[in-house]
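Residue numbers (our numbering), protein chains in the order written: chain Y, 1 to 296; chain L, 1 to 296; chain X, 1 to 296; chain B, 1 to 296.
Don't take each hint at face value.
No copy is singled out in the list; a pair is fine if it fits within one copy or between any two copies.
DSS-like, lysine-lysine: derived pairs with alpha carbons at most 30 Å apart [unchecked claim]: (1) LYS207 to LYS225; (2) LYS40 to LYS225; (3) LYS240 to LYS35; (4) LYS40 to LYS2; (5) LYS194 to LYS240; (6) LYS240 to LYS207; (7) LYS140 to LYS40; (8) LYS207 to LYS130; (9) LYS35 to LYS194; (10) LYS194 to LYS2.
Honestly, the hints are just simulated from the structure, not real lab data.
Protein chains: 4
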Amino acid sequence: MKVGFIGLGNMGTPMAKNLAGAGHELTVWNRTASKAEPLKQQGARVAKTPADAARDAEVVVSMLADDHAAEAAVLGQDGIVSALPRNAIHVSSSTISVALSERLTKAHTDAGQGYVSAPVFGRPEAAAGKQLWVVAAGPKAQVERARPLLTALGRGLTELGERPSAANTVKLSGNFLIASMMEALSEAFALAEKCGVERAAFLDVFKSVFAKAPIFENYAGAIAKGQYTPAGFALRLGLKDVSLALEAGRAAEVPLPLASLLRDHFLTGVAQGRGDEDWSALGALAQERAGIEPKG
Amino acid sequence: MKVGFIGLGNMGTPMAKNLAGAGHELTVWNRTASKAEPLKQQGARVAKTPADAARDAEVVVSMLADDHAAEAAVLGQDGIVSALPRNAIHVSSSTISVALSERLTKAHTDAGQGYVSAPVFGRPEAAAGKQLWVVAAGPKAQVERARPLLTALGRGLTELGERPSAANTVKLSGNFLIASMMEALSEAFALAEKCGVERAAFLDVFKSVFAKAPIFENYAGAIAKGQYTPAGFALRLGLKDVSLALEAGRAAEVPLPLASLLRDHFLTGVAQGRGDEDWSALGALAQERAGIEPKG
Amino acid sequence: MKVGFIGLGNMGTPMAKNLAGAGHELTVWNRTASKAEPLKQQGARVAKTPADAARDAEVVVSMLADDHAAEAAVLGQDGIVSALPRNAIHVSSSTISVALSERLTKAHTDAGQGYVSAPVFGRPEAAAGKQLWVVAAGPKAQVERARPLLTALGRGLTELGERPSAANTVKLSGNFLIASMMEALSEAFALAEKCGVERAAFLDVFKSVFAKAPIFENYAGAIAKGQYTPAGFALRLGLKDVSLALEAGRAAEVPLPLASLLRDHFLTGVAQGRGDEDWSALGALAQERAGIEPKG
Amino acid sequence: MKVGFIGLGNMGTPMAKNLAGAGHELTVWNRTASKAEPLKQQGARVAKTPADAARDAEVVVSMLADDHAAEAAVLGQDGIVSALPRNAIHVSSSTISVALSERLTKAHTDAGQGYVSAPVFGRPEAAAGKQLWVVAAGPKAQVERARPLLTALGRGLTELGERPSAANTVKLSGNFLIASMMEALSEAFALAEKCGVERAAFLDVFKSVFAKAPIFENYAGAIAKGQYTPAGFALRLGLKDVSLALEAGRAAEVPLPLASLLRDHFLTGVAQGRGDEDWSALGALAQERAGIEPKG
Chain Y
1 MKVGFIGLGN MGTPMAKNLA GAGHELTVWN RTASKAEPLK QQGARVAKTP
51 ADAARDAEVV VSMLADDHAA EAAVLGQDGI VSALPRNAIH VSSSTISVAL
101 SERLTKAHTD AGQGYVSAPV FGRPEAAAGK QLWVVAAGPK AQVERARPLL
151 TALGRGLTEL GERPSAANTV KLSGNFLIAS MMEALSEAFA LAEKCGVERA
201 AFLDVFKSVF AKAPIFENYA GAIAKGQYTP AGFALRLGLK DVSLALEAGR
251 AAEVPLPLAS LLRDHFLTGV AQGRGDEDWS ALGALAQERA GIEPKG
Chain L
1 MKVGFIGLGN MGTPMAKNLA GAGHELTVWN RTASKAEPLK QQGARVAKTP
51 ADAARDAEVV VSMLADDHAA EAAVLGQDGI VSALPRNAIH VSSSTISVAL
101 SERLTKAHTD AGQGYVSAPV FGRPEAAAGK QLWVVAAGPK AQVERARPLL
151 TALGRGLTEL GERPSAANTV KLSGNFLIAS MMEALSEAFA LAEKCGVERA
201 AFLDVFKSVF AKAPIFENYA GAIAKGQYTP AGFALRLGLK DVSLALEAGR
251 AAEVPLPLAS LLRDHFLTGV AQGRGDEDWS ALGALAQERA GIEPKG
Chain X
1 MKVGFIGLGN MGTPMAKNLA GAGHELTVWN RTASKAEPLK QQGARVAKTP
51 ADAARDAEVV VSMLADDHAA EAAVLGQDGI VSALPRNAIH VSSSTISVAL
101 SERLTKAHTD AGQGYVSAPV FGRPEAAAGK QLWVVAAGPK AQVERARPLL
151 TALGRGLTEL GERPSAANTV KLSGNFLIAS MMEALSEAFA LAEKCGVERA
201 AFLDVFKSVF AKAPIFENYA GAIAKGQYTP AGFALRLGLK DVSLALEAGR
251 AAEVPLPLAS LLRDHFLTGV AQGRGDEDWS ALGALAQERA GIEPKG
Chain B
1 MKVGFIGLGN MGTPMAKNLA GAGHELTVWN RTASKAEPLK QQGARVAKTP
51 ADAARDAEVV VSMLADDHAA EAAVLGQDGI VSALPRNAIH VSSSTISVAL
101 SERLTKAHTD AGQGYVSAPV FGRPEAAAGK QLWVVAAGPK AQVERARPLL
151 TALGRGLTEL GERPSAANTV KLSGNFLIAS MMEALSEAFA LAEKCGVERA
201 AFLDVFKSVF AKAPIFENYA GAIAKGQYTP AGFALRLGLK DVSLALEAGR
251 AAEVPLPLAS LLRDHFLTGV AQGRGDEDWS ALGALAQERA GIEPKG
């Protein structure tokens with residue numbers, strides 16, 4: 001396929017290489033031109049502007065740092081929208097805002113062009129090793145045409161429906177999950193350390209109990225299903241245990257703000273009559289805060 | 001070994017069965033006597049009080065619901081301390097407070113008895129299937145003597161040093177990690193749902209990207225090591241992404257209190273000059289809040 | 001009146017002096033005896049134990065540092081309960097827990113003694129200047145008999161019903177309000193300072209707009225009444241303004257965790273259909289979290 | 001003075017009336033023209049566009065609902081910037097973002113026009129009664145020329161230096177203080193109510209102890225000064241009291257998220273060695289989070 005590739009940073013470069021390696025014909029662009037050198041040596045044409053890279057493409061893939069860079073490359077002067085042929089497709093893999101994704105959708109649609117949002121999960125090493133996970137959303141026919149590229153980038157693909165910005169929501173939610181786990185680990189390590197537990201020992205427990213076991217997967221399934229009775233572990237026991245963690249933190253002088261937040265949510269659950277439901281009923285509380293009607 | 005077993009609830013019963021199955025000679029006690037019936041049929045003797053179950057034991061294992069129940073069974077009238085032979089060991093598997101664990105340590109030590117704290121990770125099914133993970137702490141010689149029992153309960157064991165309450169800290173920290181992941185998932189599902197993403201699709205992404213991949217393990221390792229440079233993903237990008245999630249939440253009217261907390265911590269990191277460190281430097285912030293001096 | 005006074009710290013000493021100055025006959029006790037010297041010079045008898053101070057008293061007033069000290073002085077060996085005559089009254093002014101206040105109520109009642117909880121608002125200077133505000137709760141007849149003492153301590157008295165611990169709840173809630181205002185001011189000063197506003201200028205605005213104006217009083221009245229329509233200032237405007245404060249904080253690199261909490265609550269209000277109510281409908285959200293049925 | 005007035009909502013109308021009443025010659029504009037009727041009857045000229053209202057003015061005052069409305073009226077087609085004479089001044093009283101205020105400053109400066117930011121504190125009744133408090137910032141000479149208008153709007157004025165956006169920061173910070181107090185009151189009322197305290201009684205305490213007393217003013221002064229020793233009330237006592245409030249909340253099943261946040265901050269203070277400083281050292285913690293060096 002004739003492919004334009006916009007954005008050759010730590011992520012973009014290995015992604016572009018994988019597309020070239022899969023036999024696609026690449027025209028690449030990067031703001032700092034020198035970064036295009038490795039791709040050029042691999043046979044890619046180097047464009048002067050995003051528009052140049054888009055002009056003859058069937059699909060343009062972009063991988064840019066933030067909203068600012070993405071907006072400039074797509075909607076700015078000599079941007080992708082100005083040159084991409086009608087019916088050609090822009091596959092946007094950047095981690096950008098839902099709002100910008102919706103503006104890009106409109107701009108491309110108005111220009112008779114296709115737009116698929118396809119952010120990826122994984123660090124540069126994963127990109128290099130074709131181990132990214134791609135989440136893609138957009139009109140079905142367009143996702144279909146882009147599929148050979150999407151599958152050349154990583155180890156798997158989840159399709160998220162026809163509305164492109166849904167993929168951005170999921171990418172942002174995924175990074176939020178990672179950051180949450182890091183915060184939880186950060187607080188837990190601080191507590192453990194100040195209570196005299198070796199960091200290496202706590203890490204060993206984490207690896208053994210959590211990291212590869214289906215525990216998080218099981219809870220994710222429970223929350224997805226929204227069925228909180230019968231309780232495997234009652235919410236009021238969750239309140240008890242997180243309160244004990246906070247007491248231990250007070251005694252050892254270790255603030256645990258995430259534990260405080262959990263305590264407030266568990267206590268809200270108890271006050272609202274959910275004490276005997278499963279502790280995963282945190283999911284129901286989040287829905288209620290958001291004004292989502294429970295299913296069923 | 002001659003083993004007393006105190007507490008035959010959803011967890012205690014399968015644990016006791018596994019000990020009996022491993023060839024140990026059990027005397028069991030439960031507040032509601034009828035629950036001892038299954039063990040009795042498996043050949044266990046049924047005691048009238050915790051003291052009765054402890055009187056002739058080499059090791060007493062207890063698995064009780066909370067501080068209140070544990071305190072009564074150990075320190076109360078006809079409690080374990082009153083009858084356990086000198087040099088015999090109490091292995092406490094209940095999820096209790098650090099403070100109570102320290103009081104039990106003292107009471108047993110004063111009585112010339114051993115005390116090993118050995119809480120377990122896993123639900124009743126895991127207990128039945130010998131799939132618990134045990135975290136044990138106490139004097140080395142005592143842990144050694146209890147080892148045949150500890151390994152008969154589950155699939156693995158992490159030893160956490162000589163101070164029994166360290167194991168309680170780790171158990172509480174583990175439950176805190178689970179609750180944190182559930183809260184994060186709850187908020188993420190609410191956001192995804194209100195943005196039009198099917199719950200099943202989001203669950204699929206979670207399973208593919210997070211649940212069995214080494215991602216959490218890798219970050220846990222980074223935080224344990226405390227090395228935040230060079231950055232794989234910069235803290236200021238973490239601030240960007242969590243801010244975008246909050247913006248999406250505002251637009252869709254989905255409050256994300258855990259994301260707000262993360263935003264404040266990332267912003268603190270940026271304000272304090274850590275914007276170019278890895279986003280796992282959340283670990284350094286938690287240490288500083290706790291007054292822990294950074295290593296190295 | 002014959003009065004025992006227990007606890008001669010920064011608060012207790014000026015309070016005791018005011019009682020002596022109002023003509024009451026004092027017997028005082030303090031753990032560190034030397035602190036009783038000023039009262040002795042004013043004519044007070046110095047007791048060896050709390051029991052000694054209580055033995056002949058019509059009323060014993062106590063002003064101690066915390067739960068630990070209060071429990072020891074009342075329920076411990078040679079404590080107040082052991083010696084106070086039947087029908088005499090213990091007026092407890094210490095800032096102690098609701099739970100301990102309820103235990104003290106029971107102990108005194110069981111002993112045929114009276115118990116009035118009467119914590120005070122104000123610092124040592126206010127105590128010295130008879131400017132404390134007293135909040136009292138307990139059986140009506142007992143409060144009546146203690147009234148001459150309660151009014152001798154300060155500038156005013158609010159009666160809070162027959163259940164003594166209610167006064168402790170109100171005292172703790174009051175300190176919580178002060179701490180909340182301090183946190184809000186702390187964050188606001190940090191934001192102002194980093195945005196180039198002189199601290200003195202911001203203080204001037206605070207004094208002029210808030211400190212003596214009826215603004216907080218008006219909002220307190222609105223929340224007490226629980227009437228949130230018609231809106232004077234709509235909740236969705238509250239969301240707008242607190243979001244703008246957070247944006248300003250992000251630009252200036254000033255984390256505002258209390259503002260984040262407010263944003264989440266306002267956004268919850270909007271998501272749950274309260275966007276057009278007055279922003280004081282935060283009061284309704286707090287009630288719902290606590291499972292309190294709205295009046296009406 | 002010849003004055004243009006833009007925005008005749010609940011706040012703008014009484015403000016404009018006061019300017020007319022003070023003898024200024026008004027040309028008014030409002031998006032919905034019918035709202036200009038009352039001013040017209042008071043002798044004001046009604047303009048067709050913001051530009052019309054600005055064309056002959058010495059000063060244009062604007063009071064608009066949000067960033068969107070303000071941006072349109074100032075920078076949009078037929079906006080203020082397009083017609084205001086050189087050296088005439090735009091006084092912007094709207095509650096807008098710091099970022100927009102900075103863009104308006106630049107636009108007016110580039111056009112050779114003056115720009116003073118002058119948001120106001122007070123509700124419509126206060127506007128009608130000339131009881132607003134004005135916070136103004138901008139080049140000294142321009143503030144001087146606008147002074148007759150600023151003083152005709154309210155009961156007082158605080159000047160905040162030469163950078164206009166500083167006044168927006170202070171206005172947003174002020175609304176943040178109000179919302180914080182409302183949240184604190186909301187949680188305190190919920191706790192009091194569920195503990196059996198009449199709302200009216202708690203309101204009485206609030207009015208007596210806080211609303212008109214100098215307590216908040218005193219703490220604001222302490223935080224402004226940043227002197228936290230010697231302690232009037234030690235930070236570790238603040239931790240104690242807020243922890244007791246949380247315990248009471250747990251017993252009564254009342255979540256207190258603001259109290260949780262305070263607990264975390266007090267505990268951080270204790271862990272970092274500030275336990276014996278005054279509890280207003282919350283101010284120092286806020287500075288440190290923001291990377292502000294303490295004054296010395």
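Hint check:
1. LYS207 to LYS225: both (27 Å within a copy, 14 Å between copies)
2. LYS40 to LYS225: Cα proximity of LYS40 and LYS225: none, with 49 Å in one copy and 39 Å across.
3. LYS240 to LYS35: between (55 Å within a copy, 24 Å between copies)
4. LYS40 to LYS2: Within. Shortest intra-copy distance 15 Å satisfies the 30 Å Cα cut-off; inter-copy 66 Å does not.
5. LYS194 to LYS240: both (21 Å within a copy, 21 Å between copies)
6. LYS240 to LYS207: So LYS240 and LYS207 pass the 30 Å test inside a copy (25 Å) and across (29 Å) alike.
7. LYS140 to LYS40: Classified as neither: same-chain Cα gap 33 Å, cross-chain 58 Å, threshold 30 Å.
8. LYS207 to LYS130: So LYS207 and LYS130 pass the 30 Å test inside a copy (25 Å) and across (18 Å) alike.
9. LYS35 to LYS194: neither (46 Å within a copy, 38 Å between copies)
10. LYS194 to LYS2: neither (58 Å within a copy, 37 Å between copies)
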